[in-house]
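Engineer: This is what each chain is made of:
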Amino acid sequence: MSGISIDQIGFIFKGAGWTLVLSALGFIGGAVIGLPLALARSRGARWLRGVTGAYVQLIQGVPLPVIMFLAYFGISIAGFDLPSLVAAGLAMTAYSSAYLGEIWKGCIQAVSKTQWEAAECLALTPWQRAVYVILPQAARIAVAPTVGFLVQIVKNSSYAVVIGFFDLTYSARVVNNSTFAPFTVFSLAAVLYFAICYPLSMLSYRLEKKLARR
Amino acid sequence: MDYQFDFSFLSDHWPALLSGLFSTLRMAVFTIVLGFIVGTVLAVARTQGSPWMRRAVTAYVDVVRNTPLVIQAFWLFFGLAAIQLKVPALMAAVIALTINVSAYTTEIMRAGIESIPRGQLEAAECLGMSRSKMLRLVILPQAAERMYPALISQFVLMMLATSIMSQISVEELTSAGYIIQSETFRGFEIYLVVAALYLVLSWLLRLGMAGVAMLAFERRRKLKTPL
Amino acid sequence: MSNNEIVRFDNVRKSYGDTQILKGVSFTVKPGQVVALIGRSGSGKTTALRCINGLETIQGGELHVCGRAMHTGKVDLLGLRQEVGIVFQSYNLFPHLTVLQNVTLAQRKVKGVPAAEAETIALQMLTKVGLHERANYYPEQLSGGMQQRAAIARSLAMQPQLMLFDEVTSALDPELTGEVLRVIEGLAKDGMTMVLVTHEMAFARQVASQILFMNQGVVWEQGDGSMLQNPRTPELQQFVSSGL
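Top to bottom, those sequences are chains A, B and C.
When the letters of the first sequence are read in order and numbered with our numbering, they come out as residues 283 to 496.
When the letters of the second sequence are read in order and numbered with our numbering, they come out as residues 5 to 231.
When the letters of the third sequence are read in order and numbered with our numbering, they come out as residues 780 to 1023.
Here chain A stands alone, though its shape is the one from the complex (with noise of 0.2 angstroms):
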């Protein structure tokens, strides 16, 4: 048996759907905690980026998919019972954070002092200086490597197969199971990742040249 069915292949694309509603997810929750993160890792008391390190330190050394049955179980041992997508959810927002917020500290870092000196000296309040003066150039700056990290939360939204997440990974598995045609089905599946990231791959280098050409 070596060919899919119709069916089979809208099965798969469903799956690369949610394989978008997760990457989604996991960057807003990532960006929503990354920023402040970023500020923190930055500007922060010593105490604070101390703390916010060691953050980055244990999700960047914890491979993602034990953070996802990390988050799996610890649902459900506080007792919910939530579909498989808020556990996936929870943790590539985890994941994306730790990285989105060290991407963004060195963009915030990149913005050189003597802009926040010149800031200073207008008597700005260091609210006023971060948010009209720092943060535009830092997001400027933050572009291409953000969109560049948007293709690893593609790419690794694939670990949500451990915990059973119905997303384009697991779909062609399944279907795999039923076909026995590997080659074809997780070939599908390779195209359908490689139609999402590399053209964000192609944006992120090319912003990444315009920058360095300023």
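Accuracy of the hints is not assured; some may be wrong.
Said to hold, decoys possible - Below 25 angstroms or equal to it, Euclidean Cα-Cα: the simulated DSS-like pairs (lysine-lysine) are: (1) K853(C) <-> K890(C); (2) K888(C) <-> K226(B); (3) K890(C) <-> K137(B); (4) K907(C) <-> K968(C); (5) K137(B) <-> K802(C); (6) K809(C) <-> K907(C); (7) K890(C) <-> K907(C); (8) K853(C) <-> K888(C); (9) K888(C) <-> K968(C); (10) K491(A) <-> K395(A); (11) K809(C) <-> K853(C); (12) K137(B) <-> K968(C).
To be verified - Selected chain B positions facing chain C (Cβ under 7 angstroms, derived; list incomplete): (13) W18; (14) G132; (15) M133; (16) R135; (17) Q146.
Source of the hints: derived by calculation from the structure; they are not laboratory data.
Note that CB positions come from ideal geometry on N, CA and C, so glycine has one too.
The hints should help you fit chains B and C onto chain A, whose structure is shown.
Structural biologist: Relative to the frame of chain A, chains B and C by itself:
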């Protein structure tokens, strides 16, 4: 929350966890060695090869870096089984991991190769060195040293990625955790321990690679330059 | 080409794309001669030097170096470069190797000289340039002048017939140029055939048997050291008086 944390599973199951830890380490070391060799060869092809060779390597890197490792592993593992090729799961895992890490290594080593100042290449040329001698004696040793921190980061990430190989029946640390979980139903505590063990592994791997750097890079050893 | 010439430029022309740099350069270098090429930037002096060991190719005229016809494009460059040594403005030492390793590397890997013999020769050359005590230092631990002297030793260790020097003191602080110039002077006294591109007028007058003033891609004027005091052409007059 009325949950009682219970780590008693450790007393019976620590051998399985330890065995999984070593299995993970072993997989990682094999992949690092193979991945570095393949990645370096491809980087040389990418910088010194003919135009079609460069395009082929670029295509390879683009495809591997824009598709998830999980899919690559499934494609290989289930694909090989389907064509009746009996490959042990561990081998399939190392192949998939090597292909994956080599794509990233190629880009890292390419950056390293391209960072060597032209003047040195001219000097080597004028001392009568052929391209291959130049690569072996002047370019690659320096490229590897310059890009070493990036290489370490990449290899640690790969070691963490071995965790997904539990999905293709490889016995390593994450699968050990899964088995214990299915017997004791203490999922959260088990995976906390597993997470801690991966942190230990990351630390061990970095230490090991720093040691390799001291051995391989004579200049750092003699001048005591930190990485 | 007579047997007595190591280098012979015969109406050599060379262009980069649409720009012609060498417009008919002719001169010869005999064994034991020290030839200095002087001139403004853009006059073609560095390009002419780099043609000698094949770093640049020519499009017109004839160029013979160490018995090889460079203009035919079928030259055994690897072989040629064992007979012609070059020292660059930016030294280009290999930073991951000690001075001694820098000097023995090409001997061992290109000429196949056994390690012990290579080391002996290396130490001899290092003594000649005054770096015997720093043989086990890394380039980053040395001053610019020392690095340049190490670079000279590295080329000398290949025991070439001809040595080329491309503005080797231009990148050095003034107080360091002296040590390098003294080494070159020593080599001249030993009878090494050399072609130097240099800005050091006084040095050129002191050490060169022939000075060639290049201008607009040709040899504008040539002679020995006295020509700098009595230039025949207004261009050389201007060049000398501007103190370049």
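Engineer: Can you confirm whether the C-alpha distance between K888(C) and K226(B) stays at or below 25 angstroms?
Structural biologist: holds (23 angstroms)
Engineer: Against the 25 angstroms threshold, does the CA-CA distance of K809(C) and K853(C) hold or violate the hint?
Structural biologist: holds (24 angstroms)
Engineer: Check the hint pairing K853(C) with K888(C) against an upper bound of 25 angstroms on the C-alpha distance.
Structural biologist: At roughly 24 angstroms apart (the allowed maximum being 25 angstroms), K888(C) and K853(C) satisfy the hint.
Engineer: Under the criterion of a CB-CB separation shorter than 7 angstroms, is G132(B) in contact with chain C as hinted?
Structural biologist: holds (4 angstroms)
Engineer: Keeping to a limit of 25 angstroms between CA atoms, is the pair of K907(C) and K968(C) held or broken?
Structural biologist: holds (12 angstroms)
Engineer: Verify the proposed pairing of K809(C) with K907(C), using a straight-line Cα cut of 25 angstroms.
Structural biologist: holds (24 angstroms)
Engineer: With 7 angstroms as the cut and Cβ atoms as the points, is Q146(B) at the interface with chain C?
Structural biologist: holds (5 angstroms)
Engineer: Is K890(C) within 25 angstroms of K137(B), Cα to Cα?
Structural biologist: holds (12 angstroms)
Engineer: Identify whether the interface hint at M133(B) stands, where standing means a beta carbon of chain C within less than 7 angstroms of its own.
Structural biologist: holds (6 angstroms)
Engineer: Against chain C, with CB atoms and a cut of 7 angstroms, does the hint on W18(B) hold up?
Structural biologist: Nearest chain C Cβ about 45 angstroms off; hint violated.
Engineer: So if I understand the rule, the pair passes when the alpha-carbon distance is 25 angstroms or less; does K491(A) with K395(A) pass?
Structural biologist: Measuring from Cα to Cα gives roughly 24 angstroms; hence the hint holds.
Engineer: Given the hinted pair K853(C) and K890(C), is their Cα-Cα distance within 25 angstroms?
Structural biologist: Distance of about 21 angstroms is within 25 angstroms: holds.
Checked against the numbered hints above, the structure breaks hints 5, 9, 12, 13 and 16 and satisfies the rest.
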